[in-house]
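Protein chains in written order, with our numbering: chain A, 158 to 271; chain B, 364 to 478.
Treat each hint with caution, since some may be false.
[What the hints assert, rightly or not] As a list, the in silico DSS-like pairs of lysine-lysine whose alpha-carbon atoms are at most 30 Å apart:
| no. | chain 1 | residue 1 | chain 2 | residue 2 |
| --- | --- | --- | --- | --- |
| 1 | A | Lys263 | B | Lys407 |
| 2 | A | Lys266 | B | Lys414 |
| 3 | A | Lys206 | B | Lys414 |
The set of hints was computed from the structure by calculation and includes no laboratory data.
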Amino acid sequence: AQSVTQLDSQVPVFEEAPVELRCNYSSSVSVYLFWYVQYPNQGLQLLLKYLSGSTLVKGINGFEAEFNKSQTSFHLRKPSVHISDTAEYFCAVSSQGGSEKLVFGKGTKLTVNP
Amino acid sequence: NAGVMQNPRHLVRRRGQEARLRCSPMKGHSHVYWYRQLPEEGLKFMVYLQKENIIDESGMPKERFSAEFPKEGPSILRIQQVVRGDSAAYFCASSPLGQGAYGYTFGSGTRLTVV
Numbered sequence: 158a159q160s161v162t163q164l165d166s167q168v169p170v171f172e173e174a175p176v177e178l179r180c181n182y183s184s185s186v187s188v189y190l191f192w193y194v195q196y197p198n199q200g201l202q203l204l205l206k207y208l209s210g211s212t213l214v215k216g217i218n219g220f221e222a223e224f225n226k227s228q229t230s231f232h233l234r235k236p237s238v239h240i241s242d243t244a245e246y247f248c249a250v251s252s253q254g255g256s257e258k259l260v261f262g263k264g265t266k267l268t269v270n271p
Numbered sequence: 364n365a366g367v368m369q370n371p372r373h374l375v376r377r378r379g380q381e382a383r384l385r386c387s388p389m390k391g392h393s394h395v396y397w398y399r400q401l402p403e404e405g406l407k408f409m410v411y412l413q414k415e416n417i418i419d420e421s422g423m424p425k426e427r428f429s430a431e432f433p434k435e436g437p438s439i440l441r442i443q444q445v446v447r448g449d450s451a452a453y454f455c456a457s458s459p460l461g462q463g464a465y466g467y468t469f470g471s472g473t474r475l476t477v478v
């Protein structure tokens, strides 16, 4: 079984500050890792995903994440946030080898204040 | 190329009524997945379907819930005799053959409110 822990349920930051949203996972097999963003009353939009290769993954809207196998982490970062980044962010994991399911964390609400 | 289309966007049902949620996958995608998002929770897998086949329904509640993906038309998630605890956002995703979870595209969801 797999699980995902998002360590912070809410993260308030000021505009133009850097932000890190933390994600740890547990799995007995190799995994793919994902970050999704959900704006209020919207669906999920893929920010980035790690499948293999370089452990630093760049995504849309200036976000990036780093896969750390030894620490089983996949933290999301942005060097300078905007008001428009206010949303909920979900980390998710699936098994390598064609798994059809995603296992999600409970989400982190990022609020960017002026 | 339209994305994954879900309708209705919002659905209000009284306790005991039936709810039908529809999902049309992206063109070229043959696999459909349903997830439920309860308040203050992440998404939880419910069911995975291909045309005319349920492949994995391990996340579906044993009673009142059913899903289908007919040869023609959208996938349907059906909830019979709804209760307040069914109030949630229901999301559908589709994926091309062979890509599984890393090929997902999500729809905008249906927000079900049971009154």
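Hints, one by one, checked against the model:
1. Lys263(A) x Lys407(B): 10 Å, holds
2. Lys266(A) x Lys414(B): It is violated: about 36 Å lies between the C-alpha atoms, which goes past 30 Å.
3. Lys206(A) x Lys414(B): Since the Cα atoms of Lys206(A) and Lys414(B) sit roughly 27 Å apart, the hinted pair holds (cutoff 30 Å).
Hint 2 from the list above is the single one not met by this structure.
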